[in-house]
Amino acid sequence: MANIDLDKMLAKVKSSQWALADIDWDAPGADLITEEQWPKLKAFMADLMWIEHVGARGFAAMAKKAPDDTLKQIYTYFHAEEQRHANAEMALMKRWGMLDGDELPEPNKNLKLVIQWLDKYSDDMPLEVLGSVIPMLEIALDGALCTFLLDTVDDPVCHQAFARINDDESRHLGVGFHVLEMQGRGDLYIKALKTVATVLDPRLILGIASYVPLLNRMRDNVVAMGLSEEKLYACMKKFERIGGRTAQGRRNPWYQIISRHGRMVVNRDNRAYHAPVDLMVRLTDYIPERLMPSRVPTWVKGISYRPTA
Amino acid sequence: MSNENEQNQNTTAPAPAAKKKKAATRKAAARPAAKKAAVKRKATARKKAVAAKSSRRSDAQSKRNAVKEASVVIVGAGFAGLGMAIRLRQAGVDDFVLLERADKVGGTWRDNTYPGAACDIPSHLYSYSFAPNPHWSRHFSGSAEILGYIEHLVKQYGLRDKIHFQQDVTDARFDETKGQWRVDTRQGDVWQGRAVVMAQGPLSNASFPDIEGLTDFKGKRIHSARWDHDYDFSGKRVAVIGTGASAVQIIPELAKTAGTLKVFQRTPAWVIPRPDYATPDWNKALFEKLPLTRKAMRQALYWTHETMALAVIWNSPLTRLAERLSLTHLRSQVKDDWMRRQLTPDFRIGCKRVLLSNDYYPALQRDNVDLITWPIARIAENGVRTCDGIEHQFDCIVFATGFDVPKSGTPFPIRGLNGRELGEEWSGGARAYKSVSVAGYPNLFFTFGPNSGPGHNSALVYMEAQLDYAVEGIRRILDHDLKILDVRESVQQRHNRHLQKRLARTNWNSGCKSWYLTEDGYNATMYPGFASQYRRQMSRFVDQHYRRVPQTGSA
Ligand SMILES: Cc1cc2nc3c(=O)[nH]c(=O)nc-3n(C[C@H](O)[C@H](O)[C@H](O)COP(=O)(O)OP(=O)(O)OC[C@H]3O[C@@H](n4cnc5c(N)ncnc54)[C@H](O)[C@@H]3O)c2cc1C
Ligand SMILES: [Fe+2]
Ligand SMILES: [Fe+2]
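Those protein sequence lines, which keep their order, are chains A and D.
When the first sequence is numbered by the working numbering, its final residue is 309 and no position is left out of the sequence of numbers.
When the second sequence is numbered by the working numbering, its final residue is 1555 and no position is left out of the sequence of numbers.
For the record, the hints were derived by calculation from the structure and aren't laboratory data.
Ideal Cβ positions, reconstructed from N, Cα and C, are used throughout, including at glycine.
Among the hints, a few may not be true.
Residues on chain A that point at chain D, a partial pick, calculated with CB under 7 angstroms [to be verified]:
#, residue
1, Gln17
2, Ala19
3, Trp25
4, Tyr77
5, Asn87
6, Pro105
7, Pro107
8, Asn108
9, Arg171
10, Gly174
11, Thr246
12, Thr298
Below are the DSSO-like pairs computed for lysine-lysine, each with C-alpha atoms no more than 27 angstroms apart in a straight line [claimed, not checked]:
#, chain 1, residue 1, chain 2, residue 2
13, A, Lys301, A, Lys120
14, A, Lys64, A, Lys14
15, D, Lys1104, A, Lys120
16, A, Lys94, A, Lys12
17, D, Lys1155, A, Lys65
18, A, Lys301, A, Lys8
19, A, Lys8, A, Lys94
20, A, Lys64, A, Lys301
21, D, Lys1236, A, Lys72
22, D, Lys1220, D, Lys1256
23, D, Lys1155, D, Lys1335
24, A, Lys64, D, Lys1289
25, D, Lys1104, A, Lys64
26, D, Lys1295, A, Lys301
27, A, Lys301, D, Lys1155
28, D, Lys1104, A, Lys301
29, A, Lys8, D, Lys1218
30, A, Lys12, D, Lys1513
31, A, Lys120, A, Lys72
32, A, Lys14, D, Lys1104
33, D, Lys1104, D, Lys1178
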């Protein structure tokens, strides 16, 4: 059983807090980034930072939906922790001279769409949806990408930062899978009905439309950095493996949908999936700037690379 | 929300030594009546003093340490204690003393002098009906004016000589052979009374939050209930921790003077508009010349607040209406939708105290003010670290974090019949009969006792009912020369079963965490009903509900 004691988890989370000030961002080692790495790493870090930020917003929505106070508090902490990851990654970018002055890097267009969707609809999504999407995103994009990063980057400060980030992530995943299982326990019939109802919800379809290309886009980024695609896929399979470890977890209809989707992402030969999605990725690149969501929600502006304020 | 409180000390700083001495001599002169008893018990008192603090013993002290006697010992000289004194005197009982740990009267309104401090029940209702004041300057008067009213009560009813300052009660025990309470103070004095009235206040011990590193901070720390008026906020980087009733009053004021202000919020509260206005002079004159108009005003306010019970206490269509009013208030005052989301409560209105403010939301949107909703990870040398990894640095941190409310204990040990200890009995949540009496603790009367809290009306309306009930009990003890007047256990149990059944259906017990509830969610604080119901219940003192033992009979 992957069941965890949420009260103990909350205590653990509270006692495992760290701050940007705990890391010396000016320590030697920044020059270990090669000239060749630099531009790709810059694009990669910008995306990664935004994904953390988007994940943060997901947890904020989950905190509103949490069925009990302990879980609510845990999600509230996770919300802040994802923000901390984004802040730390921005601090790394600052260290590597990748920030335009103090400016936040622009999110790519897929991210802009996800941000837009999260801002508009995430608070209305049932916990079942978010509770499945978030662990998936976490494993595939967050956890996995971080490991890749450590394979290629030698800067010790980067390793320091990601040691802490990964430590947080292990707790995020633990809770994520616990919740998947919790939900699997409910009455199947009602669950199925609810699932169908949400699938038909146009807001969700919009969300899928922006989330799906995001995964493919990140795959492209990873490949561009010279990392093996297989590693990313291996991580997505981890979601299937861990999430599907118990019957309860497997029974969660959202787990089913998302892992099936994950399988499609992983299977390059599935042209029926990849051709249209890759097209979507390319298409979003061509959406003229003026048609992109223009208003940036306030929560997006809260990121900072400065340890003190 | 029980705060583990390392700093649970008096809300007022100890007075300078010189002042203390003067007070002592003044007190000694003011109490010739107590002198005889004092001489009689000098020997025992001295023994006690030696045991208590041998190092600080002096001649002056041993004189002070004699056992002093009165019919009624009142603990605390805030609204409750002074109200008790007035009602006793009006009922013909004059042999009472008030023990006050500070060196001034006023309790809440002596301690809470932060900028913006005011009541949020209209002054004409937040005052004693038996001591009306036609001169209230505003609908919601400020702290200083309320303190002025309390000090005026002391003068008007000549209570000054009855009050003994710097008497911090640390222990109370009942001697069932004599039918006497013995009350000890930190200063080493011993008081005896046939009855004791607990009027030490529900919100009199300032509480700091349970945040790691609280004492590591090198800058200035100020608690809202112990304001430092000498500290100059202008141009300073200031934090306010907490967004409760005090905070929403402080923040708009501090925002005007501080250089930058960061507000740390854990849970957003429901905020509704505050219909405040200055009372014009003609109106004050009218209230003075025609007391009937003032009474009518009080009645109108009383019944308006009674209807609010329907919204605040129970889940009714009025609850939805109140929520909508509050959300409209939020929408009209806050433009940014993310900030609105941060400020939108996710519990039912009434579950926690509803806040009144017109300038809190606007203050949060000033250029020099930030609302921070990340959880606090710890306090460090230079500021507050939030869980998003950022350290916010400050010159001063203001703690608007409320009070240590004993929901499952007593402020000091209270021993009743057969050595039973009330704190132990209440460890699972406080229980009493009609919030005033507790079985096993005879001749003891609580103000603001268990389940006496109003959610929608003036605390003083409830208080008056308690005071009059206590007078009934005290009169019985004195007039019938009772050794013991003790509420029956079975009566108390029946009362509580009924209470808890009704509480289960209220908004307070609807799932949010608040200082009304114990950690286990037991509600030992609030009264589940209208003020009118409470008053009706208190207006009858049923003799069969109490066990009596006369002084002459054998116990
Ligand atoms: C900021 C604030 C605003 C409020 N606004 C309202 C409002 O608008 N409407 C409303 O109905 N209620 C309000 N209240 C509640 C308020 O506490 C009560 O209305 C009322 O003032 C309580 O009076 P009291 O005499 O019971 O307690 P207090 O005023 O606290 O007085 C208790 C006294 O006992 C003394 N004391 C405590 N312990 C000991 C001891 N061991 N030995 C000796 N003396 C002791 C204290 O020093 C104090 O002087 C407010 C409270 C606060 C803190
Ligand atoms: Fe993360
Ligand atoms: Fe995460």
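Which of the numbered hints are not met once you compare them with the structure shown?
3, 6, 7, 8, 9, 10, 11, 15, 16, 17, 18, 19, 21, 23, 24, 25, 26, 27, 28, 29, 32, 33
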